[in-house]
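Colleague: Sequence:
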Amino acid sequence: MSSLRVITPEEWHEMSRDTDMMLIDLRSQKDYRKYHIEGAINIPYEQIRKIAPFRKKDLLLYCDQGITSTAAGLMLAQRGYHVSTLQGGIQAYIRKYPIPGS
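If you count by the numbering used here, then the sequence shown holds residues 1 to 102, one letter each, in order.
Just so you know, not all the hints are guaranteed correct.
Label-pair distances were calculated between CB atoms; the ranges are [stated by the list, open to error]:
1. Gly80 x Gly101: 32 to 42 Å
2. Glu46 x Asp18: 16 to 26 Å
3. Gln29 x Pro100: 24 to 34 Å
4. Arg95 x Tyr45: 28 to 38 Å
5. Arg95 x Met15: 10 to 20 Å
6. Pro98 x Lys56: 11 to 21 Å
7. Gln47 x Val6: 32 to 42 Å
8. Pro53 x Arg95: 12 to 22 Å
9. Gly101 x Ser3: 12 to 22 Å
10. Asp20 x Ala52: 11 to 21 Å
Cut-off 30 Å, straight-line C-alpha distance, at most; resulting in silico cross-link-like pairs (DSSO-like, lysine-lysine) [to be verified]:
11. Lys30 x Lys96
12. Lys57 x Lys96
13. Lys56 x Lys30
14. Lys34 x Lys96
15. Lys34 x Lys50
16. Lys57 x Lys34
17. Lys57 x Lys30
18. Lys30 x Lys50
Derived from the structure by calculation, the hints contain no laboratory data.
Remember, it's a predicted structure, so these values are computed and weren't measured experimentally.
Beta carbons are placed, not taken as given, at the ideal position from N, Cα and C, and that holds for glycine.
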């Protein structure tokens with residue numbers, strides 16, 4: 001069983017240029033369209049089963065405040081995924097690194 005790693009916004013900002021980790025936004029499509037972290041793909045939490053094709057990849061999940069992504073990350077880690085979560089979600093990220101539209 002894999003464990004869930006927590007990555008701070010600062011850690012992600014530093015490592016995002018040099019990683020092949022897949023960034024997944026678990027928020028709704030509507031929220032994703034308003035703004036998202038550059039490079040993220042949108043798989044809303046309600047459609048989490050769509051993550052299955054990415055089982056072999058390193059994943060970083062985020063949601064609005066980190067609660068949903070932590071729950072999803074724990075579930076996926078128990079199923080053997082290599083998964084991390086963004087501490088504080090996109091709200092913590094945009095406090096440090098503003099995104100247009102946020």
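Colleague: Confirm or reject each hint.
Modeller: Okay, the hints, checked on the actual structure:
1. Gly80 x Gly101: 32 to 42 Å: holds, 36 Å
2. Glu46 x Asp18: 16 to 26 Å: violated, 32 Å
3. Gln29 x Pro100: 24 to 34 Å: violated, 18 Å
4. Arg95 x Tyr45: 28 to 38 Å: With a Cβ separation near 22 Å, Arg95 and Tyr45 fall outside 28 to 38 Å, so the hint is violated.
5. Arg95 x Met15: 10 to 20 Å: Given a distance of about 18 Å, which is inside 10 to 20 Å, the answer is holds.
6. Pro98 x Lys56: 11 to 21 Å: violated, 34 Å
7. Gln47 x Val6: 32 to 42 Å: violated, 23 Å
8. Pro53 x Arg95: 12 to 22 Å: violated, 32 Å
9. Gly101 x Ser3: 12 to 22 Å: violated, 34 Å
10. Asp20 x Ala52: 11 to 21 Å: About 19 Å separates the Cβ atoms of Asp20 and Ala52, which means 11 to 21 Å holds.
11. Lys30 x Lys96: holds, 23 Å
12. Lys57 x Lys96: holds, 27 Å
13. Lys56 x Lys30: holds, 28 Å
14. Lys34 x Lys96: Judged against 30 Å, a Cα distance of about 18 Å means the pair holds.
15. Lys34 x Lys50: Holds: Lys34 and Lys50 sit about 22 Å apart, inside 30 Å.
16. Lys57 x Lys34: Satisfied, since the Cα-Cα distance of roughly 27 Å is no more than 30 Å.
17. Lys57 x Lys30: holds, 26 Å
18. Lys30 x Lys50: holds, 18 Å
Hints 2, 3, 4, 6, 7, 8, 9, counting from the list given before, are not met by this structure.
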